[in-house]
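Residue numbers (our numbering), protein chains in the order written: chain A, 1 to 251; chain B, 1 to 272.
One thing to keep in mind: the hints can contain errors.
What the hints assert, rightly or not - Per the computed footprint, the stretches of chain A lying under chain B, defined by three or more beta-carbons under 8 Å from a beta-carbon of chain B, are: (1) 75 to 84; (2) 87 to 98; (3) 101 to 115.
Unchecked claim - With a cut-off of at most 30 Å between alpha-carbon atoms, the simulated DSS-like pairs for lysine-lysine come out as follows: (4) 76(A) with 167(A); (5) 124(A) with 145(A); (6) 107(B) with 11(A); (7) 23(A) with 13(A); (8) 13(A) with 72(A); (9) 116(A) with 167(A); (10) 239(A) with 23(A); (11) 107(B) with 76(A); (12) 107(B) with 72(A); (13) 197(A) with 136(A); (14) 269(B) with 145(A); (15) 167(A) with 145(A); (16) 11(A) with 72(A); (17) 145(A) with 183(A); (18) 107(B) with 13(A); (19) 136(A) with 124(A); (20) 183(A) with 197(A); (21) 107(B) with 116(A).
Rather than coming from a laboratory, the hints here were simulated on the basis of the structure.
Heads up, the beta-carbon is just placed ideally off N, CA and C, and yes, glycines get one too.
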Amino acid sequence: MSATLEVKNLKLKYNAFGPEILKGISFSVQPNDFFAIIGPSGAGKSSLIRCINRLVEPTSGEVFLNNKNVTKLGRKELRHARRDMGMIFQEFNLVERMSVIDNVLSGRLGYVSSIKSLFRLYLKSDIQDALELLNKVGLIDHVDKRADQLSGGQRQRVGIARALIQKPKLLLLDEPTSSLDPKIGKEVMGIIRTLSKEVGVPVLCNIHHVEHALEFSNRLIGIQDGVKEFDGPTSEVKKSDLERIYEMEVL
Amino acid sequence: MTTAILRKKADDLVNRRKKNRLVQNFIYALAGLIVIVSIQSTIIVDTDWDRIGSLAQIFKSVRRFVGIDTNLITQLFIPTVETFMMACLGTLLGVIVALPVIWFSAKNITPFFPITFVIGRAVMTLSRSVHEIVWALLFVSTVGLGAFPGILALSMRSIGFMSKITAEAVEDIDIGPIEAIRAVGGNRFQVILFGIIPQVLPVYIGNIIFQWDINIRRSAIMGLVGAGGLGLTLHRQLVMYNYAGVTTVVIAVLVLVGIGEVVSYYARKAII
Ligand SMILES: Nc1ncnc2c1ncn2[C@@H]1O[C@H](COP(=O)(O)OP(=O)(O)O)[C@@H](O)[C@H]1O
Ligand SMILES: [Mg+2]
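For reference, chain A alone in the conformation it holds in the complex (with noise of 0.2 Å):
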């Protein structure tokens, strides 16, 4: 079975001249992975998972989705590999003054042109997918809702429902629970894991919270600084390991 993502030899810079933030990640991540990247805050762990859609350009380094390297891509061809990748984010990112079922479209973009998306004519099939997901992350009473009339955990299922009506084949999870409080967090980690389970897609997920990390996911690594301190199953991870790679954090 060949790895969804292969990322080889990550590095970046964000200034020519300043610190290198990324030095030098390798990892893959397989088709049925719960994939975690664990690390104390500022590791580079949003940065790690930004270079893989290139919402951020890494300065070296490579970065395979089944076997496409996304890194040496134009600019079209990125937009139809990120499609690829659904992202759900720390801070939800939705666009506030919408509706949650026009959030949820807005997942499909990529597949509308700009003239039809000025009117938001997506297709019918489209908008069965949106009901059917905001109905699974249980949200179908606030369809008309405006995304900023939302609690905290709500609008994260919204980002939810906003990746997976993507249909893809990666989910990227920037911290996304990070914003919410604990009780509400575990539940949304759930969502995830059930969603993900059943559409078949695997998820690279930074977690902040290790417990959330050793519950959540079958593999992880840990980032300390830029450098890869762990990689292996989520089951044989010791509790030296995490020490290690937290010690930072612990001073």
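Got chain A; can you put chain B with the ligands on it based on the hints?
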């Protein structure tokens, strides 16, 4: 030992404050001097005191303006409508032309920074630094008398204010939604449409209302330089020494401005 250091620090602080107070007093004195010199040179020297005459004469001059020219009232209808339409069309044209200016002059979305940003900011500054009367004079001399040069003058003026405030709002937006639209594979247009416009729309609409309100005032004086509306009627009354007529026109302007004020107040409330 430590008390000695502390005492020294306290002395330093006191000295610094003394020095600051000295500087402050100097600045106040300077400001006072500037005011006095300005009054002296502009009001005292520059005013033709002989023509102002005695208090009684001033009252006499003012009294000429008391009263309303009833014959004029029926003739005011068309110029009032013209003034109003000039304000509406000038605002409309201005806020539409402002769109590309906003696009060019917001740092984070300008298509090609070294060129488009400079063009955008230049248009913005030009529009803002030239007074509407000067714009009106310019357009009257290029497209002739009437409401059309007035509309152009008002729109030129609105472009600058509109694009400045909105471009700044664009520069301050939350990049979260932009990232989200890029991440789903959206193109540049879609990023602007979904990531940026919803965030700045309230600012943009608020400013349209504000500009419309101001443009009604500006519109009322356009006629003084031949650009149509109530200003033209006002000018005619002045040259005919019809002082009651002047008062009548001024009242019409006040009513129009008042309507603008009330409408914009409720419109602004409605969008919040
Ligand atoms: N857009 C950016 N420009 C410059 N530096 C950045 C930017 N984003 C993040 N950084 C820096 O990169 C480092 C890693 O940040 P980040 O990837 O957000 O870490 P994490 O998600 O693990 O908390 C931090 O030192 C941060 O200051
Ligand atoms: Mg982060």
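- Query: Within the assertion that chain B covers the segment 75 to 84 of chain A, do at least three residues meet a Cβ-to-Cβ distance smaller than 8 Å?
  - Reply: holds (count 5)
- Message: Does residue 76(A) sit within 30 Å of residue 107(B), going by the straight-line distance between their CA atoms?
- Response: Given that 30 Å is the threshold and the Cα spacing comes to 24 Å, the pair holds.
- Item | 8 Å C-beta test of the segment 87 to 98 of chain A against chain B, three or more residues | holds (count 10)
- Query: Under the criterion that the straight-line Cα-Cα distance not exceed 30 Å, is the pair residue 269(B), residue 145(A) satisfied?
  - Reply: 21 Å, holds
- Query: Within the assertion that chain B covers the segment 101 to 115 of chain A, do at least three residues meet a Cβ-to-Cβ distance smaller than 8 Å?
  - Reply: Held - the segment 101 to 115 of chain A has 8 residues with a Cβ nearer than 8 Å to chain B, which meets the minimum of three.
- Item | Distance restraint between residue 116(A) and residue 167(A), which requires alpha-carbon spacing of 30 Å or less | The given pair, whose Cα atoms are some 20 Å apart, holds under the 30 Å limit.
- Compare the distance between the alpha carbons of residue 239(A) and residue 23(A) with 30 Å, and conclude whether the hinted pair is satisfied. 25 Å, holds
- Assess, step by step, whether the Cα of residue 11(A) is no farther than 30 Å from the Cα of residue 72(A), and give holds or violated. 15 Å, holds
- For the pair supplied as a hint, residue 13(A) and residue 72(A), is the alpha-carbon distance within the 30 Å limit? 18 Å, holds
- Message: With the threshold set at 30 Å, check whether the alpha-carbon distance from residue 145(A) to residue 183(A) stays at or below it.
- Response: Holds, because 24 Å separates the two Cα atoms, which is no more than 30 Å.
- Message: Check whether the Cα positions of residue 76(A) and residue 167(A) lie no farther apart than 30 Å.
- Response: Judged against 30 Å, a Cα distance of about 19 Å means the pair holds.
- Query: Holds or violated: residue 136(A) with residue 124(A), Cα cutoff 30 Å?
  - Reply: 18 Å, holds
In summary, the structure agrees with every hint in the numbered list given earlier.
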